[in-house]
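S.K.: Here is how the chains run, residue by residue.
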Amino acid sequence: MSRIKEFNLPDLGEGLTEGEILAWLVKVGDVIELNQPIVEVETAKAAVEIPAKWAGQVQAIFHPEGSTVEVGTPIIAIDTDPGAGPIEASTTGAPAAALPTPSAASLAAVQVAPSEGAVEPGLIGGPAPGGRTAVLVGYGPRTTAAKRRPRKGDTPVPAQAAAPVAPVAPASPAPVATGPSNGHGPAGGPVLAKPPVRKLAKDLGVDLATLSGSGPLGSITRDDVQRAASAATTAAEPLAVSAPATAVASFGADREQRIPVKGVRKLTAENMSRSAFTAPHVTEFLTVDVTRAMKALDRLRSRREWRDVRVSPLLLVAKAVLLAVKRHPMVNSTWAGDEIVVKDYVNLGIAAATERGLIVPNIKDAGRLSLRELADAMTDLVQTAKTGKTSPADMSGGTLTITNVGVFGVDTGTPILPPGESAILAFGAVREMPWVHKGKVKPRQVTTLGLSFDHRIIDGELGSKFLRDIGEFLADPEAALLAWT
Amino acid sequence: MAKGDPGVSGRGRRAAPRSRKGTTGDPQLVQLLTPEGERIESATGPDGTEYRVDFTDEEYRGLYRDLVLVRKLDAEATALQRQGELGLWASLLGQEAAQVGSGRALRTQDMAFPTYREHGVLYCRGIDPIMPLGLFRGVDQGGWDPNEFKFNMYTIVIGAQTLHATGYAMGVHMDGKTGTEDGEAVIAYFGDGATSQGDVNEAFVWASVFNAPLVFFCQNNQYAISEPLERQTRVPLYQRAGGFGFPGVRVDGNDVLASYAVTRHALDNARLGQGPSLIEAYTYRMGAHTTSDDPTRYRIASEVEAWQAKDPIARMKAFLTNQQIADADFFAAVDEQARTESVHLRERVLAMPNPEPVTMFDHVYPNGSPELDEQRARFTNYMESFEGSAH
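So the protein lines, in turn, are chains U and F. Quick note on numbering: the numbering used here labels position 452 of the first sequence as 511, and the sequence is numbered without any gaps. Quick note on numbering: the numbering used here labels position 140 of the second sequence as 152, and the sequence is numbered without any gaps.
Just chain U, with the same shape it has in the complex (with noise of 0.2 Å):
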């Protein structure tokens, strides 16, 4: 065996295909020990730390963090024996962002059969035809073009002649090889998608008649629905709150740039279109005088116990809230099919603009919280969110969202519903408008809020109402403290 060796990403949980990297614990150059952490990887269902699988030296490091990696795709590659002394004077030491490419050793031989035991993982996985990944020692899916061994007596056909060909087009020239351009697609006869790929399509409302398959005889694949599918939301997502990290474009020559659609983006765009098509949204507006809660504000701020609190007309809205689900509890719902569950407790979700990309935690049992202690929370979640450490649980079990759009300098919008809630507010911003009041047209503090329910759960009037109390509140948060609670 070779003294340099490459590491594939394995399928870390039974079934995976990919894996995104978030973080690499050794660089090139690195002597490291067997077992050692080498790499923490996100995948769909967990984010675990891989040890080394051999000890040695880091020769090269083939991705970078951040990219999204097919299991069975070579990731490092460690020199087993370095005391031996140079191997190739272009490879020791690279940098790692010089990010070399896999030896074509090493990916000529993932492809081919295993013929030497299973010591070897590259004989294990490796790319298999249409877009999947074989995966290691028999877990997970099976591509049903993967390769088949010659039978004795047969002529060479390509492997495709064995797996059932469109009907209508029997007589057609026998199938050279896979591809997305040969001929079969959407223009005429059946549209080719394994029924997982159809299920998919049918809850991200892709209609594959419009696409072009990339896979084996032009079937549509589970990819080509999701890019469909993103690149429909991304069009149609009111509230891009944040551009992501990669926003300083780098055309090429045909002037286009194309961006992988993954990490939070993907989530983001799986999650709103998922509700979009589920969820019947209904969205009303409200106009709200908020000169006196602004006033309430800086009184607050003025007190010594609050002086090192963040304070931030956000509060006040949050506060409105949770005061007004209180009166109507049925918003803090979620439509479970054959049943609507209403709970006890908010949790309060904020979404926030990070350079991760949009995201969105939540402040457990917020109705139970004093607004100082609101505070606090609300300044925790966004120093967490901002500094990229929000765990998966702070994002998870929210009941209802703040989307706090005015602090982009907008009016306001018509938020699409994170999934599994009901009501969504948007907050615009807040400007000094000419507005009646006493019967005077005066300079006051106006803004707009929009709130977005499910009309599965939330009719016209509750949905009203509950606006309508938000609005209240923000009048004039003072009363109507003293006449709610």
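Take these hints with a grain of salt, some might be off.
As the list claims (entries may be wrong) - No farther apart than 30 Å at their CA atoms in a straight line, the calculated lysine-lysine pairs in the DSBU-like style are these: (1) U:K448 <-> F:K322; (2) U:K354 <-> U:K423; (3) F:K84 <-> U:K104; (4) F:K322 <-> U:K104; (5) F:K322 <-> U:K423.
Said to hold, decoys possible - Pair ranges (Cβ atoms, derived): (6) U:E73 <-> F:Q153: 10 to 20 Å; (7) U:K321 <-> F:A318: 33 to 43 Å; (8) F:A326 <-> U:V90: 29 to 39 Å; (9) F:E383 <-> U:S450: 52 to 62 Å; (10) U:K445 <-> F:P367: 50 to 60 Å; (11) U:A82 <-> F:P367: 30 to 40 Å; (12) U:R427 <-> F:R243: 16 to 26 Å; (13) U:T127 <-> F:I312: 22 to 32 Å.
I should point out that these hints are in silico values taken from the structure, not numbers from a laboratory. All residues carry an ideal CB built from backbone N, CA and C; glycine is no exception.
Based on the hints, put chain F in the right spot on chain U.
M.R.: Coordinates of chain F only, in the frame set by chain U:
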């Protein structure tokens, strides 16, 4: 047996309230070694049974060695999964004491029915620790002889083995192998999540009314994958036994001495013909449910830290050190042995041959059958139809 008198239940400030009787809902935890490594002379269970152990220094050191080896081999298996060499692994991290304590309490003639996480019990039964790795690598079905080692195959279906164990134990009883001090007993392992399964409750009923010589050993590691204990039960699990008509006891599952004492007592009752009992070993799964799971999604770091302080190995080490039963040389030697055995384990896993496809017919029936022979012949022909086949 001394009845529950707080005065005799040992020293240590936590001993007195624990040994008080009749406080339903109050978790009475049998403990002989505190998390700080302080030895408690004896502890009293909810029914007044007094538990104590009397080990030689060599036996204490042996238990420590078991704990360390079992943890190290388990960690190696987890690493092998992360490196693509196993399809899956269910780690026992944190549960070593419950498994080693109960496993060492078994006598040669006793039969054990494990889940898929009982690598520590398997080790105590004298089975080569490589065996479960073949199963999780997908190259065999486990490979040990359950009759030879008196340790059934791993059961993946949650709780199913409690019924197998009940039937086996009823058979032991009917064969007249109980009723003496050298009688046979059976132990069934399961987790807190399994207590919500029908199988386990049916096993409780059958074992109870047929007076089966069976110990139900529940490792309550607080989570059924992601579901916390409060979603399984409103009473402490050991108290469920009362409703089925047999005794139940909760033991500190991170205390290898108490786990041993409680299991030995329950097994002896069973072998004497006094019927089943339930042991709830109160412990914590420090790792993920399996390598496919991410526990940070459903539990908080502070909870894990709190249990870290109750680590079964750290308390045993503190005890051995304080009592001068073992010194630094001994601990270093155990660590070295663990390292050597884990390297050996790795090498052997990597060298495991892939089985020939036709071997899948080998263990369907002990003596084959005409239909099976025909299937095997047809399959062999099919495999030979490929180019380059060796057959």
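S.K.: Taking the earlier hints as the rules, which of them does this structure contradict?
M.R.: Structure breaks no hint.
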